[in-house]
Amino acid sequence: MAAIEIRDLTLAYGDLKVLDRLNLDVREGEFVVLLGPSGCGKSTLLDCIAGLADVTEGQVHIGGRNVTWEEPSARGIGMVFQSYALYPQMTVRGNMAFGLRNAGMAKSEIAERIDRAAMTLQIEPLLDRKPAALSGGQRQRVAIGRALVRDVDVFLFDEPLSNLDAKLRAELRVEIKRLHERLGNTMIYVTHDQIEALTLADRIALLRGGIVQQYADPRTIYMKPANLFVAGFIGSPAMSMLEVVTAGGGTLRLGETVIDMEGYDGSVPAEAGRRLILGVRPEHVAIGPETGSDRSARVDLDEPMGSDSLLWLTLEGQTLSARADPDHGLTEGDQVSVRLDPARASLFDAETEIRL
Amino acid sequence: MSDSARSAAADPSGPVPTGPRPRRRVSRGNVMLYGTLIVIAVYYLLPLYVMVVTSLKGMPEIRVGNIFAPPVEVTFEPWVKAWGEACTGLNCDGLSRGFWNSVSILVPSVVLSIAVSSISGYALTAWRFRGSETFFTILIFGAFIPYQVMLYPLVILLRELGLYGSLWGLVLVHTIFGMPILTLLFRNYFATVPKELIKAARVDGAEFWTIFLKILAPMSLPIFVVAVILQVTGIWNDFLFGVVFTRPETYPMTVQLNNIVNSVQGVKEYNVNMAATILTGLVPLTVYFVSGKLFVRGIAAGAVKG
Amino acid sequence: MDETGRPRRPLRNLSAKLAMLPMILTALVVFVGGTLWTVVHSFTDSKLLPRLDWAGLEQYDRLWSSDRWLVSIENLVIYGVLSLVFSFLIGFVLAALLDQKIRFEDTFRTIFLYPFALSFIVTGLVWQWLLNPDFGIQSVLRDWGWDVTVDPLYDPGIVIYGVLVAGLWQGTGFVMCLMLAGLRGIDEDIWKAARVDGIPKWKTYLFVVLPMMRPVMVTALVIVTAGIVKLYDLIVAQTGGGPGIASEVPAKYVYDFMFRAQNLGQGFAASTMMLVTVAIILIPWAYLEFGGKRR
Numbered sequence: 000m001a002a003i004e005i006r007d008l009t010l011a012y013g014d015l016k017v018l019d020r021l022n023l024d025v026r027e028g029e030f031v032v033l034l035g036p037s038g039c040g041k042s043t044l045l046d047c048i049a050g051l052a053d054v055t056e057g058q059v060h061i062g063g064r065n066v067t068w069e070e071p072s073a074r075g076i077g078m079v080f081q082s083y084a085l086y087p088q089m090t091v092r093g094n095m096a097f098g099l100r101n102a103g104m105a106k107s108e109i110a111e112r113i114d115r116a117a118m119t120l121q122i123e124p125l126l127d128r129k130p131a132a133l134s135g136g137q138r139q140r141v142a143i144g145r146a147l148v149r150d151v152d153v154f155l156f157d158e159p160l161s162n163l164d165a166k167l168r169a170e171l172r173v174e175i176k177r178l179h180e181r182l183g184n185t186m187i188y189v190t191h192d193q194i195e196a197l198t199l200a201d202r203i204a205l206l207r208g209g210i211v212q213q214y215a216d217p218r219t220i221y222m223k224p225a226n227l228f229v230a231g232f233i234g235s236p237a238m239s240m241l242e243v244v245t246a247g248g249g250t251l252r253l254g255e256t257v258i259d260m261e262g263y264d265g266s267v268p269a270e271a272g273r274r275l276i277l278g279v280r281p282e283h284v285a286i287g288p289e290t291g292s293d294r295s296a297r298v299d300l301d302e303p304m305g306s307d308s309l310l311w312l313t314l315e316g317q318t319l320s321a322r323a324d325p326d327h328g329l330t331e332g333d334q335v336s337v338r339l340d341p342a343r344a345s346l347f348d349a350e351t352e353i354r355l
Numbered sequence: 000m001s002d003s004a005r006s007a008a009a010d011p012s013g014p015v016p017t018g019p020r021p022r023r024r025v026s027r028g029n030v031m032l033y034g035t036l037i038v039i040a041v042y043y044l045l046p047l048y049v050m051v052v053t054s055l056k057g058m059p060e061i062r063v064g065n066i067f068a069p070p071v072e073v074t075f076e077p078w079v080k081a082w083g084e085a086c087t088g089l090n091c092d093g094l095s096r097g098f099w100n101s102v103s104i105l106v107p108s109v110v111l112s113i114a115v116s117s118i119s120g121y122a123l124t125a126w127r128f129r130g131s132e133t134f135f136t137i138l139i140f141g142a143f144i145p146y147q148v149m150l151y152p153l154v155i156l157l158r159e160l161g162l163y164g165s166l167w168g169l170v171l172v173h174t175i176f177g178m179p180i181l182t183l184l185f186r187n188y189f190a191t192v193p194k195e196l197i198k199a200a201r202v203d204g205a206e207f208w209t210i211f212l213k214i215l216a217p218m219s220l221p222i223f224v225v226a227v228i229l230q231v232t233g234i235w236n237d238f239l240f241g242v243v244f245t246r247p248e249t250y251p252m253t254v255q256l257n258n259i260v261n262s263v264q265g266v267k268e269y270n271v272n273m274a275a276t277i278l279t280g281l282v283p284l285t286v287y288f289v290s291g292k293l294f295v296r297g298i299a300a301g302a303v304k305g
Numbered sequence: 000m001d002e003t004g005r006p007r008r009p010l011r012n013l014s015a016k017l018a019m020l021p022m023i024l025t026a027l028v029v030f031v032g033g034t035l036w037t038v039v040h041s042f043t044d045s046k047l048l049p050r051l052d053w054a055g056l057e058q059y060d061r062l063w064s065s066d067r068w069l070v071s072i073e074n075l076v077i078y079g080v081l082s083l084v085f086s087f088l089i090g091f092v093l094a095a096l097l098d099q100k101i102r103f104e105d106t107f108r109t110i111f112l113y114p115f116a117l118s119f120i121v122t123g124l125v126w127q128w129l130l131n132p133d134f135g136i137q138s139v140l141r142d143w144g145w146d147v148t149v150d151p152l153y154d155p156g157i158v159i160y161g162v163l164v165a166g167l168w169q170g171t172g173f174v175m176c177l178m179l180a181g182l183r184g185i186d187e188d189i190w191k192a193a194r195v196d197g198i199p200k201w202k203t204y205l206f207v208v209l210p211m212m213r214p215v216m217v218t219a220l221v222i223v224t225a226g227i228v229k230l231y232d233l234i235v236a237q238t239g240g241g242p243g244i245a246s247e248v249p250a251k252y253v254y255d256f257m258f259r260a261q262n263l264g265q266g267f268a269a270s271t272m273m274l275v276t277v278a279i280i281l282i283p284w285a286y287l288e289f290g291g292k293r294r
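Residue numbers (numbering that gives the first Met the number 0), protein chains in the order written: chain W, 0 to 355; chain C, 0 to 305; chain R, 0 to 294.
Treat the hints with care, as some may be off.
Which residues of chain R face chain C? A few of them, derived with a C-beta cut under 7 Å, are [stated by the list, open to error]:
#1 Ala-15
#2 Gly-33
#3 Thr-37
#4 Val-121
#5 Val-139
#6 Cys-176
#7 Ala-180
#8 Lys-229
#9 Ala-250
#10 Leu-281
#11 Ile-282
Below, in silico cross-link-like pairs of lysine to aspartate or glutamate (EDC-like), each with a Cα-Cα straight-line distance of 16 Å or less [to be verified]:
#12 R:Lys-46 with R:Asp-66
#13 R:Lys-200 with R:Asp-98
#14 R:Lys-16 with C:Glu-132
#15 R:Lys-16 with C:Glu-206
#16 W:Lys-16 with W:Asp-53
#17 C:Lys-292 with R:Asp-105
#18 R:Lys-100 with R:Glu-187
#19 R:Lys-200 with R:Asp-188
#20 W:Lys-223 with W:Asp-348
#21 R:Lys-229 with R:Asp-255
#22 C:Lys-292 with R:Glu-104
#23 R:Lys-229 with R:Glu-73
#24 W:Lys-176 with W:Asp-201
#25 R:Lys-46 with R:Glu-57
#26 C:Lys-267 with R:Asp-133
By construction, these hints were calculated from the structure, which means they are not laboratory data. Beta carbons are placed, not taken as given, at the ideal position from N, Cα and C, and that holds for glycine.
Taking the hints into account, I'd like the entire structure generated from these sequences.
Here's what the structure looks like:
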């Protein structure tokens, strides 16, 4: 088991900074997901931890040891890749033995470790096959096995499930979670899939442009996004963003409508007339029959999604989505009343985009 | 699919397609197409045919007959003579010496040029450093420089190294001039190998040579075969380097063939000449017919942009 | 904290740098160094041995007033232009014919391409025999009662066309192969779209497919042209430069002056001119290719 510390890490190609003075602490045995859109630097960060990319500045510590300039094999890590990266000319057994043989381990010890890992991952019948004869899910299992036999403190996953179809992805996701619970290793997992991030992570580090936007547990990230980017990135269907103005006394004005923010866990600016953005997740918007007193919105579009239905509404000229029961019986053009839950909403400064 | 649609598809009395039925096989266009192809094929095959029939005739028959006529009396004497007795200047031991010279040039040249180029291509894809691409660009541009420009400096270079006129000198020359196309070939091929594979190997503790020998080379056998085809035909067919960088005793087969056929002394023996020509073309032709599509891949390699 | 244990730059990836050494040496010493050396020595009056006695443009003066060089250049231009036009024309037509989803495609392709596997020496000798006035095609045609003259190799006026026939026989298959690869690289949907729009096949080839094959065309053009400038073996085998000097080419001029006539300066000047020719073709191409990438 080992903790990981990343100190002021910068990686630049000429003027282009892929990572910019990045700091990240991973506790022993923690499962951390690096999440972000493509090009945000999450895979590069993982490569830096693995020793596969030349760091421009800063340091990487694993288990209290500065490994910034160590070879990947000397860092006590195992890595699993998106394309599985199995050696095509070797059998499954050969793939798993390769690293151990390079380390000069005794044959009996290698065989023993392979057997143990194969049992854990239930790939014993596959040991003498070549990767080409395996399905995608089996290949990824072997790739995990290859990391497993190394008996390392830290597991690094680089989008391991992205090449699999949706069903297999869900299955292996659960399996990885079980594996973590069983082994208790420190795991760092890169993905662009927020479902994977939210389900697997102890903590999520959301990256953009080589900078950590927020580093927190999934619940906090989802409920209290640190800024507009995080709020927009996390959650599907996406959070609705409403342009509002402070009206003093803890209230906001949305067009003609006044919204009381009583119960909001952040601070609502006292002065009136400040431009803010109110973020509300669709499931925190309650709709009901029009009453005349409540805020009234117009139904624009109904998107049935199986278990529930997404209603697109226009409220004071702004677009808002709400999760509703699929049997809501509303049609386009209907007027409904809308209630927002201030305790579960987020307020952002329109200029700095930071949550208040 | 609805019930009515299914029955319509299954029922032969259902909707009938309108318009002329498209004709198959022996349309006029097809006759033209295959006719043209066959005529052109005959044109391409004719020289090979003439070579073979000429080499199987006696000189008297050649003097009276026409070159397209098959031999009346088949004789293998021209072949025997071409292989063992034909003269170049004062030497009269036939093409056999040139053949063995070519073999002993070919084998080390092919091995060395492929070894050096594949490693360069590997280093260029997986272990770039500042400036490595610049050297590669120079190398590729070098492929277009006429050899004539670099011939004399190479003569001097080899003389300084004490290799001028020796077998190893020529091997070195073939390695040098094979490098641009082969390095491009290997670089482009290795570039298609997922980067993650090399990353995985590094995590597994493999270093530069281990990754190449244990991971990359074994999974790239087809491209090595392509390279071998390219080099065997290229080096076997070389004339210029052979004539510049070897001495008469070590002339490769092409040079010796030219000397035999175009020697001004004695009576021209066309049947022997053609037998000698076929013998010289036999190695690349065999490689060509055996390798099939891999040969095509080899020559197209230069055209694939990297 | 300071960066402890950071390896010094030049020592990083030492194996990779060592592995690339042969390539670097080839590029710098042979290609760049050798070329510069020859260009520099083309301005000297080197005879038997290379010397740095400056002679200005004297070698070039002599070169361009030499009949043999002028004939060589003329031959190269005729051979080059016709060889490009015909090998591309025939190559494209053959590729288009093979692209009609025909049966025995592999057989036909094998037949059209096999001469490319043969050396120029073999090619030259075969066609020397076929064009032999006493026993070759001419004699056959005359036996059949046609009083024609097919004797290019002994007619100074047309000898280069005799060489051209042999060169085309050898090299057209290569162009065809590149074109075929280009045709196969074109999206099937283009053909479907053209058929839906009711465009005749030949028009699709000419106005839709051909422009799309520009990259393959340009690459083939550069490779074939670079090959044409090097034309040497074929001449040596088929005509020996004769009759007289009627089929001389620049590459042969260089060789003869460097290694036979012991007049190195002339050889260097002539080879430098070959380099200039290639540069004229190569530089616009490189500009298009690499200038385009930057955009």
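Tell me the hint numbers this structure goes against, listed in increasing order. 11 and 12
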